[in-house]
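As they're listed, the protein sequences go chains A and B.
Here the first sequence stands for residues 1 to 128, numbered as in this note's numbering.
Here the second sequence stands for residues 1 to 128, numbered as in this note's numbering.
Hints are computed from structural coordinates only; laboratory data are not their basis.
Beta carbons are placed, not taken as given, at the ideal position from N, Cα and C, and that holds for glycine.
Be aware that a few hints might be false.
Partial list, computed: chain A residues near chain B (C-beta under 10 Å) [claimed, not checked]:
#: 1; residue: 8
#: 2; residue: 11
#: 3; residue: 37
#: 4; residue: 56
#: 5; residue: 59
#: 6; residue: 95
#: 7; residue: 118
#: 8; residue: 122
The list that follows gives simulated cross-link-like pairs (lysine to aspartate or glutamate, EDC-like), each with its CA atoms no further than 20 Å apart [to be verified]:
#: 9; chain 1: B; residue 1: 119; chain 2: B; residue 2: 93
#: 10; chain 1: A; residue 1: 119; chain 2: B; residue 2: 67
#: 11; chain 1: B; residue 1: 119; chain 2: A; residue 2: 58
#: 12; chain 1: B; residue 1: 119; chain 2: A; residue 2: 91
#: 13; chain 1: B; residue 1: 119; chain 2: B; residue 2: 91
#: 14; chain 1: A; residue 1: 119; chain 2: A; residue 2: 91
#: 15; chain 1: A; residue 1: 119; chain 2: B; residue 2: 24
#: 16; chain 1: B; residue 1: 119; chain 2: B; residue 2: 56
#: 17; chain 1: A; residue 1: 119; chain 2: A; residue 2: 44
#: 18; chain 1: A; residue 1: 119; chain 2: A; residue 2: 99
#: 19; chain 1: B; residue 1: 119; chain 2: A; residue 2: 44
#: 20; chain 1: B; residue 1: 119; chain 2: A; residue 2: 53
#: 21; chain 1: B; residue 1: 119; chain 2: A; residue 2: 56
#: 22; chain 1: A; residue 1: 119; chain 2: B; residue 2: 96
#: 23; chain 1: B; residue 1: 119; chain 2: A; residue 2: 66
#: 24; chain 1: A; residue 1: 119; chain 2: B; residue 2: 56
#: 25; chain 1: B; residue 1: 119; chain 2: B; residue 2: 96
Protein chains: 2
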Amino acid sequence: MGRVVSPLEDLDEAPRQGDEGAPEAWIEFDPEIAPAAAQLERGDHLVLLTWLDRADRDVLQVHPRDDPNRPLTGVFSTRSPDRPNPVGLHDVEVLEVDDARIRVSGLEALDGTPILDVKPQLGRAETR
Amino acid sequence: MGRVVSPLEDLDEAPRQGDEGAPEAWIEFDPEIAPAAAQLERGDHLVLLTWLDRADRDVLQVHPRDDPNRPLTGVFSTRSPDRPNPVGLHDVEVLEVDDARIRVSGLEALDGTPILDVKPQLGRAETR
């Protein structure tokens, strides 16, 4: 499919959400799926789905935002990356298109993270 | 993980989006991951991620909404269920919680569709 190319290389430096200071990143698509990305354009608002391959899939409950004062909470009520199926959801804007890769706004995924899927954010019914 | 229990059994009768007349559905979680769902409550607004197991994963371009008058478009610019990694994204509200299952508002996924993940919709930073 593709992967994230980002200056973020360390879990400890990754912000928790894309709007909390995450850097721009490139998404590189594999050549065989490039036709699926052919109409992506600068200015598109996308939902990027990633596979958070450095997450701990055995975690079912966490203290939200690693704050021990907050009670243990089932991960389905949190955005913890550690969860049984660690799919990352990222709202991004396309800043640049260069063949089979796109540059996107603030993305909190680490360098090398696999891309699962890309979808347009849902707008008016006629653009669906 | 879990699966969708829904009266929708046929692709031809499924609406294209949850807000286009989809029925309520139950989400049944497998017992071993129930702790991840322990804090889900009536009124929660969730993003449900499903694996659209009846989708065609070889499709890279489609006529949006099956309208032949619309030009062939890369699936990353559409919400077509047919795509290389057919992950469904569904905004739902929890209507009822019954042990390790929840009833949710309009869901356009077919009966038996596997659940990949459940996340809260992102609201204010302090609730993340």
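Okay, the hints, checked on the actual structure:
{"no.": "1", "hint": "8", "result": "violated (19 Å)"}
{"no.": "2", "hint": "11", "result": "violated (17 Å)"}
{"no.": "3", "hint": "37", "result": "holds (5 Å)"}
{"no.": "4", "hint": "56", "result": "violated (13 Å)"}
{"no.": "5", "hint": "59", "result": "holds (9 Å)"}
{"no.": "6", "hint": "95", "result": "violated (16 Å)"}
{"no.": "7", "hint": "118", "result": "holds (4 Å)"}
{"no.": "8", "hint": "122", "result": "holds (7 Å)"}
{"no.": "9", "hint": "B/119 / B/93", "result": "holds (12 Å)"}
{"no.": "10", "hint": "A/119 / B/67", "result": "holds (19 Å)"}
{"no.": "11", "hint": "B/119 / A/58", "result": "holds (17 Å)"}
{"no.": "12", "hint": "B/119 / A/91", "result": "holds (14 Å)"}
{"no.": "13", "hint": "B/119 / B/91", "result": "holds (10 Å)"}
{"no.": "14", "hint": "A/119 / A/91", "result": "holds (10 Å)"}
{"no.": "15", "hint": "A/119 / B/24", "result": "violated (24 Å)"}
{"no.": "16", "hint": "B/119 / B/56", "result": "violated (26 Å)"}
{"no.": "17", "hint": "A/119 / A/44", "result": "holds (10 Å)"}
{"no.": "18", "hint": "A/119 / A/99", "result": "holds (18 Å)"}
{"no.": "19", "hint": "B/119 / A/44", "result": "violated (24 Å)"}
{"no.": "20", "hint": "B/119 / A/53", "result": "holds (18 Å)"}
{"no.": "21", "hint": "B/119 / A/56", "result": "holds (16 Å)"}
{"no.": "22", "hint": "A/119 / B/96", "result": "violated (29 Å)"}
{"no.": "23", "hint": "B/119 / A/66", "result": "holds (17 Å)"}
{"no.": "24", "hint": "A/119 / B/56", "result": "holds (16 Å)"}
{"no.": "25", "hint": "B/119 / B/96", "result": "holds (17 Å)"}
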